[in-house]
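*Asks:* Please take these sequences and the hints and turn them into a complete structure.
What follows is the residue order along each chain.
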Amino acid sequence: MKAALNRLTERAAEEGLLDVAYTTADSPFGPLLLASTPRGLVRVGLPNQDAEQLLGDLAERVSPRVLEAPAQLDRVRRELDLYFEGKLTDFDLPLDWRLSRDFRRRVLRAIARIPYGQTRSYTEMARRAGNERAVRAAGSACGSNPIPLVVPCHRVLRTGGALGGYGGGLPMKEGLLRLEGVLES
Amino acid sequence: MSDLPPFQTLIDEHAGEVMAVLRGAVGRGDADDCFQETFLAALRAYPKLTDAANLRGWLITIAHHKAIDHHRAGGRRPLPVADIDEAGGAKDDTRLLGAASDSGVWEAVGALPPKQRAAVTLRYASDLPHAEIAAALGCSPEAARRSLHEGLKRLRKELA
Chain A
1 MKAALNRLTE
11 RAAEEGLLDV
21 AYTTADSPFG
31 PLLLASTPRG
41 LVRVGLPNQD
51 AEQLLGDLAE
61 RVSPRVLEAP
71 AQLDRVRREL
81 DLYFEGKLTD
91 FDLPLDWRLS
101 RDFRRRVLRA
111 IARIPYGQTR
121 SYTEMARRAG
131 NERAVRAAGS
141 ACGSNPIPLV
151 VPCHRVLRTG
161 GALGGYGGGL
171 PMKEGLLRLE
181 GVLES
Chain B
1 MSDLPPFQTL
11 IDEHAGEVMA
21 VLRGAVGRGD
31 ADDCFQETFL
41 AALRAYPKLT
51 DAANLRGWLI
61 TIAHHKAIDH
71 HRAGGRRPLP
81 VADIDEAGGA
91 KDDTRLLGAA
101 SDSGVWEAVG
111 ALPPKQRAAV
121 TLRYASDLPH
131 AEIAAALGCS
141 PEAARRSLHE
151 GLKRLRKELA
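Going down the list, the protein sequences come from chains A and B. Position 82 of the first sequence, counted from 1, bears residue number 82 in the working numbering, the numbering being contiguous throughout. Position 100 of the second sequence, counted from 1, bears residue number 100 in the working numbering, the numbering being contiguous throughout.
Hints in this document: simulated from the structure, not taken from any laboratory. Do not take every clue at face value.
Which residues of chain B face chain A? A few of them, derived with a C-beta cut under 10 Å, are [unchecked claim]:
no.	residue
1	4
2	6
3	8
4	12
5	49
6	115
Cβ atoms here follow ideal geometry from the backbone N, Cα and C, with glycine treated the same way.
*Replies:* Take a look at the structure:
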């Protein structure tokens, strides 16, 4: 049965029927859900997020052709493993931005350019996205980041250095900043 | 957009049953290919499906179409009548087919006309009630009952 299912996902990918491929991956913070489309990585679910709900959301917003297909996410998993081991500072992955729009997407694209081991303020992200006064909106763009870790919203802090929030919970944000040497371990 | 669940849930919940139905309908050797064809066809059609109320029935209907295609492509050859000594005494139909895990009976089922075969397989391999068989075959419950009855009659005769 397993062989039959593997063959099925392979053929689905070949025939262009695999709109959303997903798998789970271990991380030091717990299991991650990784999902990609033919365009690139579209969603990273953090350990405290409900995987079933995320998959339902992808079915609704991207396509119901959602299949568990670990092989499609090998490269993503490899880069994340290296990142958590401290051996990779820049992800080199194609991203599919379709789950964010307009101002939010501009904020997230700006966040994607924050270098490893550095932090920025929500105000600065708002300014880079073209509206300095939309600090709150920039904050909520971070909060709704569909591709956390790879789009490093954990590098955005409050002006003055307070941590702000994190979709994966504050201990995870602290852990990531410690990993990157921003906070002392 | 739609209320369709992720396709993976259909696989998780129904792949085993689809495979069992196909093994009954086309035999173990060809079930794998029909299984691929069934799920690829389902995947192709899935985003446009308007009614997600009976996904199981929908998949099993596709499986039956694929099994029928398979038999047509191979030419419907009459299969050798099975040796059913062990089930010979069974009066009860459920036991007739239920006890007959031996492939001979399923080969005889495989040689039935498509509707009868589908009705028999759905009833005894998938344990569907008449109403669901009717839904899967796209006919009335009476017609489903009739196909099942005719199929069993023929089987009894062939296997007697």
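*Asks:* Does each hint hold? Answer for all of them.
*Replies:* Cross-check of the supplied hints:
1. Because the closest C-beta pair between residue 4 (chain B) and chain A is about 4 Å apart, less than 10 Å, the hint holds.
2. Taking 10 Å as the C-beta cut-off, the interface hint given for residue 6 (chain B) holds, the closest approach to chain A being about 4 Å.
3. This hint holds: residue 8 (chain B) has a C-beta 5 Å from the nearest C-beta of chain A, less than the 10 Å allowed.
4. Here the hint on residue 12 (chain B) is kept, as its CB sits about 9 Å from the closest CB of chain A, short of 10 Å.
5. Using the Cβ-Cβ criterion of 10 Å, the hint placing residue 49 (chain B) at the interface with chain A is satisfied: the shortest such distance is roughly 8 Å.
6. Below 10 Å, beta-carbon pairs count as interface contacts, and residue 115 (chain B) has none with chain A, the closest being about 27 Å; its hint is therefore violated.
Hint check: a violation occurs at hint 6 only; the rest are consistent with the structure.
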